[in-house]
Every structure is written in C-alpha cells, then in structure tokens.
Amino acid sequence: MNQENKHWIDQLGAYMDGELSPDDDSLCGEHLRSCQPCATAAMEMLLQKRMTQSAGHRYQPSVDFRRKIMQQIAAKPRFTFSSIWMPQFVAAALLIVVTIAGAVYWPALRGENAQQKQILQALADLHSTALASTSPVEVVSTDRHTVKPWFQGKLPFSFDLPETYPNGYSLLGGRIAFFNQQPAAHLVYAYKQHRISVFIFPEQDDARTWNEKTDLAGIHTETWKQNGLRYVVVGDAALGVLHALAESLQQQSLGK
Amino acid sequence: MSPSGNTEREFEELAMPHFDSLYNFARWLARDREEAEDLVQEAYAKALKGFASFTPGTNFRAWIFRILRNAFLTSRTGLAARMTTALEDEEITPAAAVETQTPESLLLSRSSHEAVHLAIEGLPVHYREVLLLSDVEEMRYQEIAETLDIPVGTVMSRLNRARKSVRQALSSSLAVERTATSAGREK
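Protein chains in written order, with our numbering: chain E, 1 to 256; chain G, 257 to 443.
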C-alpha cells in the first residue's frame, strides 16, 4: 500500500462520520473515485457503520417505565403570594357565568369530553404498545406506493398518502390496528429520534366535536376529520412537529 | 429548593425526547434491564435536581448523557472503572479497513444482527460507549467528547479501535460459522 492510500485509509472513519474539513472531505471523495482499494475499504466501513446503527437501536423502554419517569418529572403548578389574589377576582366572575352555562350544558359536555379522551387515550396506548413491540409495522417501506396498496382488502375504506413530506419526516411503514371493534390504518413515521403514529378510521358521527390538540401525560395528539375519515396523529414529539405532519396529510387529502 | 413548575416543564420538554435513547444507551452499558431502568431514573432525578446549573443554549443531550454515564461509572465502583479507562493506550490508530479487502465486505454483509450485537456487547465499556454515541446516537465527535469528558483525539482513537474490534469479532464469528458448515457437510 502506498503512502497516499495509507493516508486516506486513516481518514476514512472521519470521512464516513462527516468530520473532515470541507477541503479534506472533497479531496478524500476525489481519491475514493479513483482508487479501487480505498473505495472498497470505504464501502466496508460504511456497511459496518450501518450494521452497528441497526443493531444498536435494540432496546425500547416499557410503557410502564415511561409513565413512571413522566410522573417523576411531571410539572407541578406552584403558586406564589402575588399570583394568588388577582386571578381570584377574575375567577369569581367567571364562576358565575360558568355555573349557569354549566348547569345547562355540562352533563352532555362531560360525557362528550370523557368519551373523546377515552378514544385518544386508547390510541395513545396503541401507539406506545406498537413501538414497544419488536415489529412496530407489518409493512416496512418509506414508499407510499408500497404502503398504501398493502392496506387494500384489509380495510373497508381508502385514503391518500403524500408523495413527499416536510424535511426530516419519513414514512416507516404501516399496520392494521383494531380500535372500537373495527380495523383502522396505523401508519408510523420518523422525525429525528421520535416515532409518530397516524391512525385513520371512518367516522359516521358528524355531530361529535373534538379538541384538535391534546396532551395526555406527554403524549400529544392532533386530530381532524376529512372525507368521512377521522385522522389522529399521536406522538411524544412537540405539538408543532405533529402539526407539520398533519398539515402534509391534510393537503394531500385536499388534492393539493 | 425544588424546581418551579415552569422549570419542570422546561426540563420535561428538553429531557423527554431523549428518553428512548438514554434507555437504549443505559441497557447497552449495564446489560441488564433493571439496572438500566435504575440508571435512567437516577439520571433524570439528578438532571432535574441540577437543572438550574444547566446553561440554556448549550448542549442538553450531551449534558444528560454525561449524567447517565457518570451514574453508571459510579454504580460500577467508579474508581476502578475510571482507572481502567485511563490506563488504556490512547494513541490514534489507523482505521480498521486497512487489513480487509474485497471478500471481507461480502462476509461482513452476511453477518447477522445477532453477531453484530454480540460484537458490540463484547467491547470494553470505553469502546462500546463511544461506538454507540457515534454510530447509534449519531453524535458529532465534539459532542461525544463533551459527554465523556475526553479530548476529541481520544474519541477518534477509541472509535477506530472499537470499529476494528467489532470487525475482528465479526470475522471470527464468520470463520467459526464456516468451519461448522464445512464440518456438517463432511458428515
């Protein structure tokens, strides 16, 4: 092996890790295009890096342990003297209005909210359970032309998926989830280290009103209805991260 | 003094996105589920308690990974663990690929997921941690250096050695597999 090859072989690790200076990175790339032994060595290193990456993502925390940590660090409201009295004037006035309105609407509202929270909680549990399993998706593909047809014949409805997503988002695959005694499409997306689920199922009840965005002990959800289908995005990423994915799906369904 | 609600909320927003990664890292370090859970729990408790000392705008991920890693070293009679690390020869070694040419890449591609797992698990802790932070967590060398509190040169040296050891372990496991296959054929 000549000195030049030895020099670049020594730099290959840093080159694969994107740690060379721009000048060295460009020189190394140029050398690899013209040197077969170094190109082979680079290919081997890249292969090994990918295998390590794949084998390294091995352990998933249990849902119970996640809850335990969430409870351990959950924010508790703290009141100071100055924050106590002013809001009480406002609260007293509001209380009168709310009491009157509540007497009329509360029973229906409570049932509606409780039911909705129950549904979202069930979907959050499905999300966590799927991610904790060894095979979170049944069809593994980033290509909508593979994932969407996989659901054909398995679901009594159809839906569209975007061709492209905002930067950083990628489709990992899909599975069938059973929810409310009916099958639903469950898509799994990646955003950085986060995994985001999208559940899609038919919704007949037009009268039901939903909170568009909710926080269930650190698991966020965003939901909307489109073309007779209810979409629910679930994940522990920030609401803004979920919203960008939701927008992308909404635009596809609108045919934009 | 306990952190205020706002501080706890800020902490939660910064810390929870790293939960899966911290747990995975802890499992690789401890090689035991219960011990890994204890480490993660301890790391979150210490990080929350010391959150006031964290400088906003600096690298939170490196900070919380460092807390976890220190908890691990302490749990393993810290002094012994640190001394073992310090006595290692830290000279920068060439990349592992020098000795392996074309047929090796084919063999490497046939290595099973389990073989790679065993090869990583068989590494000494100071090689294992640097390999995981680089190839699994995709940290930059500088971030790894901050997390492990070592110079960038040492990160590069350990990473090269870790990769070389993994490759050697995979080659050995493939050689054993080939010998077993040919012995089976002869019977």
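One should not assume that every hint holds.
[Claimed, not checked] A few chain E residues that face chain G, going by a derived Cβ cut-off under 7 Å, partial list only: (1) Thr-52; (2) Phe-65; (3) Gln-71; (4) Ile-73.
[What the hints assert, rightly or not] Derived BS3-like pairs: lysine-lysine, alpha-carbon spacing no greater than 25 Å straight-line: (5) E:Lys-6 with E:Lys-68; (6) E:Lys-68 with G:Lys-305; (7) E:Lys-117 with E:Lys-148; (8) E:Lys-213 with G:Lys-305; (9) E:Lys-213 with E:Lys-192; (10) E:Lys-148 with E:Lys-68.
[What the hints assert, rightly or not] Per the computed footprint, the stretches of chain E lying under chain G, defined by three or more beta-carbons under 8 Å from a beta-carbon of chain G, are: (11) 4 to 17; (12) 53 to 64; (13) 146 to 159; (14) 228 to 238.
Just so you know, the hints here were simulated from the structure itself, not pulled from any lab data. Quick caveat: nothing in here was measured; it's all calculated off a predicted structure. Quick reminder that beta carbons are idealized off the backbone N, C-alpha and C, glycines included.
Run the structure past the numbered hints and jot down the numbers of the failing ones, going up. 3, 5, 7, 8, 10, 13
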